[in-house]
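Visitor: Working from the sequences, and respecting the hints, build out all of it.
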Amino acid sequence: MAQKHTISALVENHFGVLCRVAGLFSSRGFNIDSLSVGETEDPSISRMTIVVGGDDSVLEQVVKQLDRVIDVIRVIDITQGAFVERELMLIKVKADTTTRAEIIQIAEVFRAHIVDVCPRSMTIEVTGKNDKIQAIIGMLSSFGIEEIARTGTVALLRDSAVQ
Amino acid sequence: MQLTGAQIVCESLIKEGVDTIFGLPGGAVLPFYGALSGYPQLRHILVRHEQAAAMAADGYARATGKVGVCSATSGPGATNLVTGLASAQMDSVPIVCITGQVPRPAIGRDAFQETDITGITLPVTKHNYLVLDVRDIAPAIKEAFYIARTGRPGPILIDIPKDVLAGETIEFEWPSEVDLPGYNPPGDPEPEQVVAAARLINQAERPIILAGHGVLISRAWDELRELAEKAQIPVITTLLGIGSLPTDHVLNLGMPGMHGMAYASLAIDRSDLVIALGARFDDRVTGRIADFAPHAKIIHCDIDPSEFNKNIIADAPVLGDLKASLRALIPHVNSTVHLDWMQETDQLRSQHPSLFIRESDVLLPQQVLKELSDATGGNSIIVTGVGQHQMWAAQHYGYNEPNSLITSGGSGAMGFEVPAALGAKVGRPDKTVWSIAGDGGFQMTLCDLATAAENNIEVKFAILNNGSLGMVRQWQDFFYDKDFFATIYSGNPDFVKLAEAYGIRGIRVTEQREVAGAIQEAMETPGPVVVDFVVKEDEFVFPMIPAGESVNEMLEQPYVKGDRPGVLTRVASLFRRRGFNIASLAVGASEQKGLSRLTFVVTGDQYTVEQATRQLDKLIDVVKVSNISAEDVVARELALIKVRATPTNRSEILEMANLFRAKVVDVGARSLVIETTGEEDKIDALYDLLRPFGILELMRTGRVAMVRGKAEGRISDDVGAKYEQYGRNGVTSVGSSRYQPGHYEGV
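Chains as they are written, first to last, in the working numbering: chain A, 4 to 166; chain B, 647 to 1393.
Treat each hint with caution, since some may be false.
[What the hints assert, rightly or not] Below, a list of computed lysine-lysine pairs in the DSBU-like style, where the Cα atoms sit at most 30 Å apart:
1. Lys712/B - Lys969/B
2. Lys7/A - Lys95/A
3. Lys969/B - Lys956/B
4. Lys1182/B - Lys1128/B
5. Lys661/B - Lys788/B
6. Lys1128/B - Lys1264/B
7. Lys969/B - Lys788/B
8. Lys67/A - Lys956/B
9. Lys1077/B - Lys1143/B
10. Lys1077/B - Lys969/B
11. Lys1128/B - Lys1077/B
12. Lys1016/B - Lys1143/B
13. Lys788/B - Lys67/A
14. Lys67/A - Lys943/B
15. Lys7/A - Lys956/B
16. Lys67/A - Lys712/B
17. Lys943/B - Lys956/B
18. Lys67/A - Lys1016/B
Think of the hints as simulated: they come from the structure by calculation, not from any bench.
Guide: Written out as structure tokens, the structure is:
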């Protein structure tokens, strides 16, 4: 079972940066589990959070090859550090009169929000770490999952002095 | 003054010190050309294919140390640059390419001659730009040149839409600095890294320097020489590092790797410290990584940290610009000499004369290179294509100066020989430039002979014409059962007539004795010249370490004078890597002086035996293979058995030995050593009988066998005569095999 590493990269918010990074990963054969990009407090800089599978030597290459890309300003492997990691998921699950109550209870346990209710389904929004997301998927799968949309992990080191 | 985008491009190029552009215009880039014609200080050389523009810029950059510049139009014009860009990227060569693009409103709508060239070139450029505003042109160009020439150099592409080139006019402002927060090329090394490396160097007893392209890029050849001479360390150079130390320098031990000199690869194999300077441990140098430099620690000096631990784990990485790193390192290195190691490397050199060119009636390509080296005193710039001729050029020309070999190494782009030579000559008009071409690669880019003629670019082209795709043919010969499919060029033109069609002097050489005269004539003829050397078709590049193999499996050329150690290793490792199970092996002299006979017993089915026989036969050292399993053979084995013997049971053991007609060769207080010869089952039987007494030790030779009567395995007279003449230490093998099912007819 390959290790997973979480990498946080600050990149210049230029046209095509995402493409450059994705292309780099595919041409070097690195395995992307998830990738999310978003703005930071500085609009000219975006933060990319990438979860990569592979052992330490792969990780070393990933970090260095990313760093070589001109638009990438800084790369940090935050797997080892103390970091806050979150993911957002919207999950549409089959629900009817008989099952609705149970689904709502499960959502409460996970502190998830119901964002849509329809005669035959229900959409739930949940945030949390990867294992929490996996757990709620597990609990809801027996009802029949129609659709899942996940953002991928975003992460920040706990020590805010790093910026 | 208000300038158009196109004019701003020209002004920016002048600010960056550009005076030469190789290019070919088209619709989308026409505004740039419109402006360019008004800038006589920017010399534009019109090529006949955009690939030539990129490769000419590459050759120009390597010859001068400046950034090469090329331009092309959108769509197919831009895509034609890709091969040249990829080659520059692999070899870390600084070039800037300006391409026109369709107007901004048309982007993304499949317009005429539109292509997403920035997307296509993402993996083959160090960086690229799509400039969408005229105000961004000057900053992009300034950044592009900065990125191209600093750190680890590389190609940059700048794609400019037509309506940005020919639209709004603005005031030209040249930026005072570049703002690249994500780009910080290393400069001086960390002192701890330098000290750690120096410590390893001072402790080493068999150090070797591997000098790569970085020595030339960083212009650190004086520092390399100083380090090598201070600590008396032999220097081997990669293909792209050739010229960093003169070929005839006493410490220059040649080039290692797939087609490197045997002594260079063997020296790495025996070294205890490899000091890699600006080299990236390419697979052509290392061979199978697990067997590369098995006894050595590695110092890796490089400007690109992603090269550390990429292919080879570095024990002592030193990150920095090589010139600065060496300057920091040299004071910490002790002045010393390694006499034993020097002797060992000298011995390797004399035992493996890899550059020996044999006598031949047919014109040999190696001979052409050697004569060229003699005629030019090793002072020309040699530009090559890719293939056998490239390897011979690397081996047989005596390079005296840095940047005198220009070749597409990492990429291996055929066709490089013509345009890169043009670029080199344009950049260095003071030097003689010889383009060494293969007939295959030459035909890919020969259209730019027109460029040579039109601009009177005085390149001397030497075509090593063997009527085939030589290197591929060699692989087919060695590894694909000589199936020469799709490698024979039977439709070659008359190259002399072709040259003359371009208004260029053409000379044909078919004989050895014409070579020197032709070279002389070519050099004395003004302007470009094409010399068609018609050479031996089926010549091989030696030595060769096959892909994925190591120095243990190196093939050296036959007809080599001198000792040939390693044959047994070669045979044994053939068996190991193919997974053949050797039950026993015996080696000894044969009836023919200079040839040994190996007898194997191999276990396996019919397929295994066939394979083993064929694979053995492929080895250069193997003269003849016979499978005599099915024949009527005499087979014998010799065994020495040390059995525990006490005074009480000694006589019983001796009686048993007598029964088997075995001899007692040693008597001790507690043991006896018995020598017995016979067929395998006889030895097995005696062994079983002796076992109850307690076997202390057993040594068996393995079977030797000979066919009764008709001398099936005997070396034929003419083969024997050849080996007498060359005094060669070859091997002939008579294999016998024991197999489970089926019946094998024999070789």
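Visitor: Hint by hint, work out which the structure violates, then give me just those numbers in ascending order.
Guide: 11, 18
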